[in-house]
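Enquirer: If you want the building blocks of each chain, they are given just below.
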Amino acid sequence: MALRFEVLGRFNRARAAQLTLPHFACQTPLFMPVGTQGTIKGLTTDQLEEIGCQIILGNTYHLALRPTSELIDELGGLHKFMNWPRALLTDSGGFQMVSLLHLADITEKGVTFQSPVDGKPMLLTPEESIQIQNRIGADIIMALDDVVRTTITGPRIEEAMYRTLRWVDRCIAAHKRPHEQNLFGIVQGGLDPVLRDICVRGLVDRNLPGYAIGGLAGGEDKDSFWRVVAQCTAALPEDKPRYVMGVGYPLDIVVCSALGADMYDCVYPTRTARFGTALVPEGVLKLKHNAMVNDTRPIDPTCACMVCKNYTRAYIHCLVTKDAMGSQLLSYHNLYYMLQLSRNLHSSIVEGRFPEFVCDFLQKMFPKGDVPEWVCNAMDVAGIDISSCCSS
Amino acid sequence: MKFAVKALSSGKARAGVVHLGSCPSSIETPCLLLSTRKGLPIFISPDLLSSLPSPDSNLLQFSPLHFSEGPSPKTISSIGGLHQMVGLHEYGFAAVARDSIQCLPECGSTNKTGASFETPCGRRLIKPVEYMEMITSMKPNLWATLADEVPAWANNKRNKTSVDRTVKWLDECIARSPAGGAVFGSIVGGSNIEERKRCAQEVAVRNVSGYWIGGFGLGESMEERPSLLNAVTDNLPKDWPRMICGLGLPEEVLQGVAAGVDLFDSAYIYHLTIGGFALTFPLDRTEKIDYNYQLSDQGSDRTKINLRATVYRKDATPIVEDCCCYTCQNHTKAYINHLLNVHEMLAQILLEIHNTHHYLGFFRSIREAIKEGCFEQFQKKFVQSRREHLAADVVSV
Chain F
1 MALRFEVLGR FNRARAAQLT LPHFACQTPL FMPVGTQGTI KGLTTDQLEE
51 IGCQIILGNT YHLALRPTSE LIDELGGLHK FMNWPRALLT DSGGFQMVSL
101 LHLADITEKG VTFQSPVDGK PMLLTPEESI QIQNRIGADI IMALDDVVRT
151 TITGPRIEEA MYRTLRWVDR CIAAHKRPHE QNLFGIVQGG LDPVLRDICV
201 RGLVDRNLPG YAIGGLAGGE DKDSFWRVVA QCTAALPEDK PRYVMGVGYP
251 LDIVVCSALG ADMYDCVYPT RTARFGTALV PEGVLKLKHN AMVNDTRPID
301 PTCACMVCKN YTRAYIHCLV TKDAMGSQLL SYHNLYYMLQ LSRNLHSSIV
351 EGRFPEFVCD FLQKMFPKGD VPEWVCNAMD VAGIDISSCC SS
Chain E
1 MKFAVKALSS GKARAGVVHL GSCPSSIETP CLLLSTRKGL PIFISPDLLS
51 SLPSPDSNLL QFSPLHFSEG PSPKTISSIG GLHQMVGLHE YGFAAVARDS
101 IQCLPECGST NKTGASFETP CGRRLIKPVE YMEMITSMKP NLWATLADEV
151 PAWANNKRNK TSVDRTVKWL DECIARSPAG GAVFGSIVGG SNIEERKRCA
201 QEVAVRNVSG YWIGGFGLGE SMEERPSLLN AVTDNLPKDW PRMICGLGLP
251 EEVLQGVAAG VDLFDSAYIY HLTIGGFALT FPLDRTEKID YNYQLSDQGS
301 DRTKINLRAT VYRKDATPIV EDCCCYTCQN HTKAYINHLL NVHEMLAQIL
351 LEIHNTHHYL GFFRSIREAI KEGCFEQFQK KFVQSRREHL AADVVSV
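Chains F and E are the protein sequences, given in the same order.
Going by full-length UniProt numbering, 52 is the number at position 52 of the first sequence; the sequence numbering is gapless.
Going by full-length UniProt numbering, 6 is the number at position 6 of the second sequence; the sequence numbering is gapless.
Calculated directly from the structure, the hints in this document are not laboratory data.
Be aware that a few hints might be false.
[What the hints assert, rightly or not] Only pairs whose alpha carbons sit at most 30 Å apart, straight line, appear in this in silico DSSO-like list of lysine-lysine:
| hint | chain 1 | residue 1 | chain 2 | residue 2 |
| --- | --- | --- | --- | --- |
| 1 | E | 304 | F | 41 |
| 2 | F | 240 | F | 80 |
| 3 | E | 38 | F | 286 |
| 4 | E | 380 | E | 12 |
| 5 | E | 38 | F | 288 |
| 6 | E | 12 | E | 381 |
| 7 | E | 168 | F | 80 |
| 8 | F | 309 | E | 38 |
| 9 | F | 176 | E | 314 |
| 10 | F | 322 | E | 127 |
| 11 | E | 38 | E | 112 |
| 12 | F | 309 | E | 74 |
| 13 | F | 80 | E | 314 |
| 14 | E | 157 | F | 286 |
| 15 | E | 74 | F | 288 |
| 16 | F | 322 | E | 38 |
| 17 | E | 74 | E | 12 |
| 18 | E | 127 | E | 74 |
| 19 | F | 288 | E | 127 |
| 20 | F | 41 | E | 314 |
| 21 | E | 6 | E | 381 |
| 22 | E | 314 | F | 120 |
| 23 | F | 322 | E | 74 |
| 24 | F | 364 | F | 288 |
| 25 | E | 160 | E | 238 |
| 26 | E | 6 | E | 238 |
| 27 | E | 38 | F | 41 |
[To be verified] Ranges between beta-carbon positions, derived for each pair:
| hint | chain 1 | residue 1 | chain 2 | residue 2 | range |
| --- | --- | --- | --- | --- | --- |
| 28 | F | 283 | E | 271 | 37 to 43 Å |
| 29 | E | 109 | F | 76 | 54 to 60 Å |
| 30 | E | 324 | F | 2 | 32 to 38 Å |
[As the list claims (entries may be wrong)] Just a sample of chain E residues kept apart from chain F, beta carbon distances all over 12 Å, derived:
| hint | residue |
| --- | --- |
| 31 | 17 |
| 32 | 78 |
| 33 | 157 |
Note that the Cβ used here is the ideal one computed from N, Cα and C, for glycine as well.
Modelling step: build the complete structure from the supplied sequences, incorporating the hints.
Expert: Right under this line is the structure:
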């Protein structure tokens, strides 16, 4: 175990905590930008520190391909390679295998696939995934799981859940650096509460430093999504961090935090920036739209970031999708927005005003009071009264 | 705008000082104008700009044509001008219709009504009236009048027309000149000494604050350029600043300095950056030429390195050992090599920072040499050392 998790404040299931990792002491709830190939697209490490980024996620699959985990290890680990002084998390490589490679096949040994470099058959085993992540050197590493999309039904889900538990034992055995790197297990089981429960209990028995809720954020309906998160957060230990993988939209993060989750990652803020979309309290702002051509307001007048303090929508409009600078400035703003959201979640819980924060957030996003039903149901379970935001 | 010559070397090379209203400090010349796209550097975001040496890096160049698809002059005016729009209040902006990177003069389509340019939005014809409307709304610190630039191979008749037209447009632009903002009269003339002289003499008697020398970097050879430059500068008053477009390479800049030019734009940094190159040529003027230098493979020479080369995969050293730019202080060649291999934008950001920093250092060396009265030797030695490694290479084969 190479972390400390200390809860500093609560509101019902929601918690604000300090997560102390080898490279950085983080405050949760937190959002982790995705730095797929050892960089957040278009931003320097200085800028990331400036906007308050605490942990960056690196993709094991991509880094193992280029520049390879051996090279990263030889040069002193990923922190040193990219000169990032704060925390890093690497995923297991399993998800990219399955989502990026059409001919990937999962067996008990591991994930077999065709190398994208030379077409040779290759095998990613739990042992290999952990070895790669040991070489990369992130503060948190993820167990290789058998991930199945929630839109699939049938016996495959149960098979994947049990295999995930067997693989986590192999990951634990292969892990060479437990005092420097924290191995998180991932709860699978699709949308089936019975399977999810078995998986949670199995992982908790292994006494891991932290737990992730996987297999979501893949197209399932929102009602199923929040119920799985609620079930898992209720069953996972209080004193360890909970990471909902692949989430996501600001609204989803607020709901999951209300239900007791602590950590999130998603490509959405940076990816949507490259398509010209900015994140704002009301939802999104499409800077590409012709209506922006002569709009001299900032993207978000309530945002304190460098972009909103200096630039008009009109100027950003003329940059987006045409000039690299447009992507950079919008990525900067969108990440600032997500990190500010994280800070607001943490501070509102610590300062005892979490329900007010949630209501304010929902009122801005749904000024007509049309808060989606799944949010109302989730907040009900979370014990947060949002009746003031709902028209019905 | 205020300008003064402070020192001369080898007759015509001058070191001077230019002061622009928006910049808190004066800027020494000869100096480099940083290339921008729509007012911001191509890759370096505004909060990283301040990591470059100041005030050297405070002069930026843009083309009004960058905004041909919006925002409109009316919107730009309501925002308060270019400085306001791009959030760079303490920087100086120079507006020139031609930028050597993406707004290239298309003399075939230019006609008596306006100048034609190839831009990312297609071919654009811009008339003096429209040009001045943009200048007025953007409020740059200094701006060049609209010019008809022709390449070196244009025939005499076309060349002569370009001079007549450029002078005519100069008068039209001046007539619509906004208050504030220094007007630089444009001088063309292609590769014809007589036309160059004629144009310079015409513009010299106009009421302008400086001179913009156009039509270079459009096909003339290194050998013929000095006499063409001198044909212009010999006919201009000494006390006003001279700006030029299209002399990008270090050797070309030195030719311009030798002829008495003060302000330079350059596409060199951009082309190096997108090619994955980083400048490494020595800035220390006392360095001896090393004949034992081992040329490493794949596109590296003593002037720059190609960071895509596999030789840098594991190189954990900075691009230039004692360079104090953000890139060299924070990152290694190995990391940049990786970023280039995986096509990440951060590679270009880091390279543009280093290359700009390095090139600004080159301009500083030029100024020092002029102030010490040894510019001619500096130019000779610089050019010689850049050719020496090629000679050494030939000998070693």
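Enquirer: Name the hints, by number, that the structure is in violation of.
Expert: 7, 14, 17 and 32
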